Amino acid sequence: MPFRKKIDDGAERLAHIAFFEGFTPAELARVGSLVEEVEAEEGAVLTEQGKPGQECYVIVEGEASVEIGGEEKAVVGPGTMIGEMALIDNRPRSATIRAKKPMKLLALNTKHFKTMLEEMPSANKAVMSRLTELLRTNDVS
Numbered sequence: 002m003p004f005r006k007k008i009d010d011g012a013e014r015l016a017h018i019a020f021f022e023g024f025t026p027a028e029l030a031r032v033g034s035l036v037e038e039v040e041a042e043e044g045a046v047l048t049e050q051g052k053p054g055q056e057c058y059v060i061v062e063g064e065a066s067v068e069i070g071g072e073e074k075a076v077v078g079p080g081t082m083i084g085e086m087a088l089i090d091n092r093p094r095s096a097t098i099r100a101k102k103p104m105k106l107l108a109l110n111t112k113h114f115k116t117m118l119e120e121m122p123s124a125n126k127a128v129m130s131r132l133t134e135l136l137r138t139n140d141v142s
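Those letters in the sequence shown? Residues 2 to 142, by the working numbering.
Hints may be right or wrong, so weigh each one.
[Claimed, not checked] For lysine-lysine, the following PhoX-like pairs were computed, each having C-alpha atoms within a straight-line distance of at most 20 Å:
| id | residue 1 | residue 2 |
| --- | --- | --- |
| 1 | 112 | 52 |
| 2 | 74 | 101 |
| 3 | 112 | 126 |
It should be emphasised that the hints constitute simulated quantities derived from the structure, not laboratory data. Since this is a predicted model, take the numbers as computed values, not measurements.
Whenever a hint applies, use it, and build me the whole structure from the sequences.
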């Protein structure tokens with residue numbers, strides 16, 4: 002991905018992203034200090050199935066295809082966190098995620114992701130909610 006920058010409009014902007022609903026203003030400000038904004042072109046591979054994961058992303062704009070074994074299983078859009086499973090269990094990526102159109106994302110490397118989980122109760126709740134959603138979507142109960 003060619004373009005990365007620190008976000009400069011911090012907490013106020015994050016408050017409008019679905020993943021960060023319920024975060025306190027202090028938590029949002031802290032997240033703002035941890036994330037980098039990333040732009041991805043259509044077709045860019047954000048995660049590759051079977052490869053180790055070093056980052057997760059929250060989609061700000063655009064859509065991505067979730068592919069398992071080369072088959073599209075879902076399309077995800079703004080407010081969705083992607084790539085977090087590999088950072089939680091330290092196992093290879095379970096899916097390839099590819100930009101379906103140009104995207105803006107917020108990137109958290111492994112260290113910053115773990116910092117967010119350790120420091121923020123709202124982050125734990127949001128990530129658990131996301132993992133539960135993934136399990137239910139894949140008919141695992």
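Review point. Tell me, which hint numbers fail for this structure?
Key: No numbers; nothing is violated.
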